[in-house]
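Engineer: Let chain E serve as the given structure and place chains V and G on it in line with the hints.
Top to bottom, those sequences are chains E, V and G.
Residue 0 is where the first sequence starts when you use numbering that gives the first Met the number 0, and the numbers rise one by one after that.
Residue 0 is where the second sequence starts when you use numbering that gives the first Met the number 0, and the numbers rise one by one after that.
Residue 0 is where the third sequence starts when you use numbering that gives the first Met the number 0, and the numbers rise one by one after that.
Derived by calculation from the structure, the hints in this document are not laboratory data.
Honestly, I wouldn't trust all of these hints.
The list treats identical chains as interchangeable, and a pair is accepted whether it falls inside one copy or across any two copies.
Claimed, not checked - No farther apart than 35 Å at their CA atoms in a straight line, the calculated lysine-lysine pairs in the DSBU-like style are these:
{"no.": "1", "residue 1": "Lys318", "residue 2": "Lys68"}
{"no.": "2", "residue 1": "Lys282", "residue 2": "Lys229"}
{"no.": "3", "residue 1": "Lys305", "residue 2": "Lys290"}
{"no.": "4", "residue 1": "Lys290", "residue 2": "Lys318"}
{"no.": "5", "residue 1": "Lys22", "residue 2": "Lys318"}
{"no.": "6", "residue 1": "Lys261", "residue 2": "Lys200"}
{"no.": "7", "residue 1": "Lys241", "residue 2": "Lys200"}
{"no.": "8", "residue 1": "Lys66", "residue 2": "Lys118"}
{"no.": "9", "residue 1": "Lys68", "residue 2": "Lys200"}
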Amino acid sequence: MGMVWGCVTDFFTYETTKSVVVKSWSVGIINRVVQVLIISYFVGWVFIHEKAYQSIDTAIESSVMTKVKGFGVHNNRVMDVADYVFPQQGAGVFCIMTKIIITENQFQDRCPELGRKFKCTTDADCTKHLGSVLSNGVITGVCIRPYNSTDGRCEIYGWCPAENDEVTIEPMLDVNNFTIFIKNSVRFPLFDVTRGNFPSKMTSDMIKRCNYDRETNPSCPIFRVGDVLKYTGQNISALADKGGEIGINIEWKCNLDLDIEKCVPRYSFTRLDAPFAKNAVSKGYNFRFAKYFKTENGTEFRTLHKAYAIRFDVMVTGKAGKFDTIPTLISLVAAFTSVGLGTVLCDIILLNFLKGADQYKAKKFEEVSSAQIEASLAQSPGSQLSLQPGIKSSYDSGAISLAASDQPI
Amino acid sequence: MGMVWGCVTDFFTYETTKSVVVKSWSVGIINRVVQVLIISYFVGWVFIHEKAYQSIDTAIESSVMTKVKGFGVHNNRVMDVADYVFPQQGAGVFCIMTKIIITENQFQDRCPELGRKFKCTTDADCTKHLGSVLSNGVITGVCIRPYNSTDGRCEIYGWCPAENDEVTIEPMLDVNNFTIFIKNSVRFPLFDVTRGNFPSKMTSDMIKRCNYDRETNPSCPIFRVGDVLKYTGQNISALADKGGEIGINIEWKCNLDLDIEKCVPRYSFTRLDAPFAKNAVSKGYNFRFAKYFKTENGTEFRTLHKAYAIRFDVMVTGKAGKFDTIPTLISLVAAFTSVGLGTVLCDIILLNFLKGADQYKAKKFEEVSSAQIEASLAQSPGSQLSLQPGIKSSYDSGAISLAASDQPI
Amino acid sequence: MGMVWGCVTDFFTYETTKSVVVKSWSVGIINRVVQVLIISYFVGWVFIHEKAYQSIDTAIESSVMTKVKGFGVHNNRVMDVADYVFPQQGAGVFCIMTKIIITENQFQDRCPELGRKFKCTTDADCTKHLGSVLSNGVITGVCIRPYNSTDGRCEIYGWCPAENDEVTIEPMLDVNNFTIFIKNSVRFPLFDVTRGNFPSKMTSDMIKRCNYDRETNPSCPIFRVGDVLKYTGQNISALADKGGEIGINIEWKCNLDLDIEKCVPRYSFTRLDAPFAKNAVSKGYNFRFAKYFKTENGTEFRTLHKAYAIRFDVMVTGKAGKFDTIPTLISLVAAFTSVGLGTVLCDIILLNFLKGADQYKAKKFEEVSSAQIEASLAQSPGSQLSLQPGIKSSYDSGAISLAASDQPI
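Just chain E, with the same shape it has in the complex:
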C-alpha cells in the first residue's frame, strides 16, 4: 500500500530543465535579435503571407462550357460556329478551324498517288513504298504512267482521288474577331462553396456587349480571339495558317475568410505548343476529318477535310483557404519550437567567442566520468542509497525519460 502510494507520488512529479541565465549584454542582445527574427518570419511569412492558420482545399471541382460566335469566309463560303468549331459541344477544349483543305467526292477506288515522293517509271519504284503510312492509301506496287511519259506515279488503293495538301490557300483571318464565351463554375468540396466566373449581377446586355480586357474589364467572360492571341504574343496570320494551341488558364485563389464576392478568377494566356516553335518539324496543329454522302444508288463517298486549327485549352486551377483550428495549432507549435532555435547560434558564440568562454562552459557543463562513478561505487557499494534515496525507481525513470525528462526530443 505504502509502495503503491510512493509510486503514485513519484508519478505526479514534474521535470523541467535546469537553466543557466547569462547576464551578458552581447549574447543577450544576439539572443533577442534572433528570436525577433524568427518571430517576424513566422508572423510575416508563415501566418500573414502563407496563411498557415487556414486549411486549404486544392481538390477543386470545375466545369467549363464555351461558346464561340462569329462568321468567317473561307473557300468562298460563309462559315458559322457549326462549321468551324470542333468538337461542337462547347467543352473546355475546342478547336477553331482556320484553314481547310477540301478534297471532294472521294470514292473507294484505285488511283495515282500525288507528290514527287511517289514518282515512278517502273513498278519496282513503287514496291519499295509498300506498307508506307505516308501515302494517301494502300500502295499497290503498280506504277501508273501515261503512254510514253516518264512522269508516272505509284498506284494507291483507297479513297480516290488522293488529297493534295500542298495547295496554297488563304487562312480564315476573320477568326481574329470571333468571340469566346467561357462559363466556368468551380466548387471547393471541403467548404462546399461554389462560384461562377462572372458576377451574378451581370445582365444579359452587359455580357453581350463586354469584351475581356486585362486592365479595364477583367471580369467579363467574353474573350475576343484577337485579344487572346495578343496576350500570348502570337501572330494571327502565322497561327491561322499553321494552326497552334493556346492555353486559357483560369486561376482561382480564394480566401474564404474574406467576403465571398472577392473570390474571383484571374485569367492568363499562353501558347501551349511553344516548345515546338523552334523545331524544324511538326509546327502547328492540324487534323483530318470527313463528311460522308451517298449517291442515288447507295454508294458511299466522302469529302475529306484537312483542317488547320487553333486549339483552345481552358485549364482551371485553384485553391481556397479558410480558418481552421488544427492548422493554426500546428503552426503555433512550430513557431514556439522554432523560437528555441536561437540557442544554437547563441551557444556557439557564448562558448567559443565570448570573453570568459571557459567560465561559461564550466557553468553550463557539469562533468561526470565513469571513472568517478566506479570509484564511488567501489568505495561504498552500499552508499547508493545515500545519494538522494528513492529518487526514482529504475523502471519509472526510463518511462519518464521518454515522456518528460527529455522534453528536448
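Structural biologist: Then chains V and G, alone, in the frame of chain E:
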C-alpha cells in the same frame, strides 16, 4: 598521440540536460494531464483518424467509359443513343440532348434575318449591324422589305434560311428513364493496385437488372438519369428545357492495409452550373451542330441543330494509404517531440502562480553575469585551467553545440 | 528610471540549459553512433534522395496532340485515319476503331426486333418488354409473326431495320502497324519552364523514320500500336475484337538544377480496363454512332455503326524541383532538431542499464519538493529576496518561459 587520444576521449562523451524534479501535486498533475491530452491527440487523431502511419498515393490514374441506354421521342421521331448522345465514344464527359431545334435544308445564300432585333425600313438600319456576331450570318447592310411593307429585315449572307430558335418545342422528358452505365477503373501507381467500380463477381444478369440506389444498391454501376437528378435536387422538366450540367463524382478512399475488397468507390452528384442558376443570363447549356448533305448535282446543304443538353461530367478523385515505416517513424518523432510541449504550460504555472514560485525559480535558474566572469578573470588570469581543465577544446565545443549539447534545437 | 533599466537588463539575458557531460565510453559511443545514423539519414535520404533543398512544382500544365497514321482494310474497304479515329481532332484521348458492325439504310419505321430474347407468339409475350432499354427501338407490344409460324418477333418503333450485332466479322488487325505520333508540351508555372517531349534538334526525317523503343529509341515520339500493346502484354487479336483501353503515361521528373536538356519524359504503358478483365461481363469497349443521309425527296436515313475500338488515353504527370532557400532552411532545421533525438535512447541506457545508473540519475536530476519549499517559506517568510533577488520579474519569467528558457518546446 596523447593529444589525439584526449580528443577521442572528449569526443565520445554524452551530454544530457540537467533537470529539476519538482515533487508537487498541483504541477505534477497538470503535467501528466497535459501529456495525456497530447498523447490522446496523437493516438486518436493523428494515428487512428488521420492514419499518419501510412504513405499516401493521391496520383490516381483513372479511366472512365460510359454507355447510355434508352429511347426517347422528339420531333416525331424515335431517338436512340446514336442520335442523342454527343460525343458518341462513351467518354467521361458526355451530353444527352433533350431538346433540338432543327433548321432543315440550309444552303449558302442570301436571305432575311429573323427576329425583331434586325427589323429595318432602310439600308441604314442594317449598316449599324455590320460585323455583328449575334446574327445568323454575315450582315450585308441591305434591308429586305416586301413591297409597301415597313416590316423589313436585314439581309444576311451565309446559311439560309436563318435559324428561328424562338420556337417552343417540348423537351424529350423520356430522358428521365435513360440509364447510364459507368465503368471506371483506377490505379494507384505507388502501390500498383488496380480496382474497378463494380465487384468482379457481378454477373451480366445482375448488371442488366440493377439500378444504383444510395442506400439499397450502392455498388450497382447503372444510374437512372431520373435518380441522378433527384439526388442533385433538380427538376427534370426545367433541366431538359434549358439544359444543364451534372457532376457525377466517384470518390475512392482506400485503406490498403485492410481487405482489398473493401476498396470500393462512393458516388455523389452535384449540379455543376449551380452558381449560374441565379443569373439573369446564360442559364442552361446548349450548342449547335450540323449534318451535311449533298444534292444530286453536288451542292452541299446542311441541317442545323441547336441542341439543349444535359451534360454529365464523371469526375474521379481518390487516394489510397498503406502502412509504411518512414511516415510512421516521422509521426512517432513528432509525437514524442510534442509531448515535451506540456512543459511550456507547466513552467508558466510553476514559476509564476505556484506558492513559492521564487524558490522554484531559484532552483531552476542558475545565474552567471558577465561582471562575475570578468571579475574572476581579472583576479586570476591563469586560473582558467583550474575550472575543470580541458573540459572541452574550443573548436570541439562549437561542433558539439550543434550536434549534441543543444538537443533542444 | 532605475526600474526600467533593471527591466531592460533583465530582458537582454540569455538562457541556456545546464548540461551534464557524461564521460563514459559506452554511452558516448552509442550517442555518437545514433547521431551519425540520424545525420546519414538526413544527408542521404532527405537531402540527396528526396532533394529536400528544392521547391517542387507539381501543378504541371500540359497539352497533348496526337496523330495516327496507317491504312487498314475492313468490311472490304480501305480505312484511313479520317475513317477509324474518333474523335478526329487529335486530342489526348482517342479511339482507333478495330471492328465496325454496320447497319445500313435505317429509316424511322416499325419492324421486328432481332434476337431470341424478343421471340413471341402472342402480343402478351411482347407487352412484358414494354419500356425495355435493351431493344433496338421502342417496343410497341405487338408480336410480328409470319403466317402460321411460331417464330415471331416483337415489333419495335424506331430506326429500322434493327441492328444485328451478333454477326461475326474479322477485326482490322492492320491496327498493329499503325503509328501514333504524340506531341506533348508541358509547362512548370512556378519556374516558367516549358519543355517538349522530343528534342528540338530532331529533323523531319528523323521523326518520320523512327519508332519508339524503350531501350534503343526512348526519345522518339512515334509509337507503333503493336509495340504499345506488346509493352502492356496485350494480345492484339483479342483487343481488336472486343475493344479495350490503353493508357500511355508520360512522366516528367525534372531536376531543374541540372542541365535543362536532361528534363525529358519517360513513357509507360498500361491496360486501363484491366480490373474488368476477369469479369464475366462488360469486357472490352464499344460505342455506337451514325452517319446521316437524305433521300432525293428529303427523308433522312442513317447508317448505324457499332464500333469496337481501342481507346488510348495519353496521361501526363510530372513534377519539377529547383533549389530554393526556404525548403533548404526548413530541412536543415528539421535535421538539427532530429539530431537531438539520440538523447532519448541514450538517457534510457544511461539511467537504467549502465553500471552506476543511480549515480548518473543523482547527477542529472535535482530534486525539489513542495514540502521543502513550504518549510523554507515558513522559516523565513522574508528570505525570498535573499534567494538571488530580482532574478526575474514575475511577468517576465512567463514570457521568457515561452520564448527562451523552454527551448525544448
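Engineer: Compare the structure with each hint and give your call.
Structural biologist: Okay, the hints, checked on the actual structure:
no.	hint	in the structure
1	Lys318 / Lys68	within (31 Å within a copy, 37 Å between copies)
2	Lys282 / Lys229	both (19 Å within a copy, 30 Å between copies)
3	Lys305 / Lys290	both (12 Å within a copy, 18 Å between copies)
4	Lys290 / Lys318	neither (43 Å within a copy, 42 Å between copies)
5	Lys22 / Lys318	neither (49 Å within a copy, 51 Å between copies)
6	Lys261 / Lys200	within (14 Å within a copy, 47 Å between copies)
7	Lys241 / Lys200	between (41 Å within a copy, 20 Å between copies)
8	Lys66 / Lys118	between (46 Å within a copy, 25 Å between copies)
9	Lys68 / Lys200	within (23 Å within a copy, 39 Å between copies)
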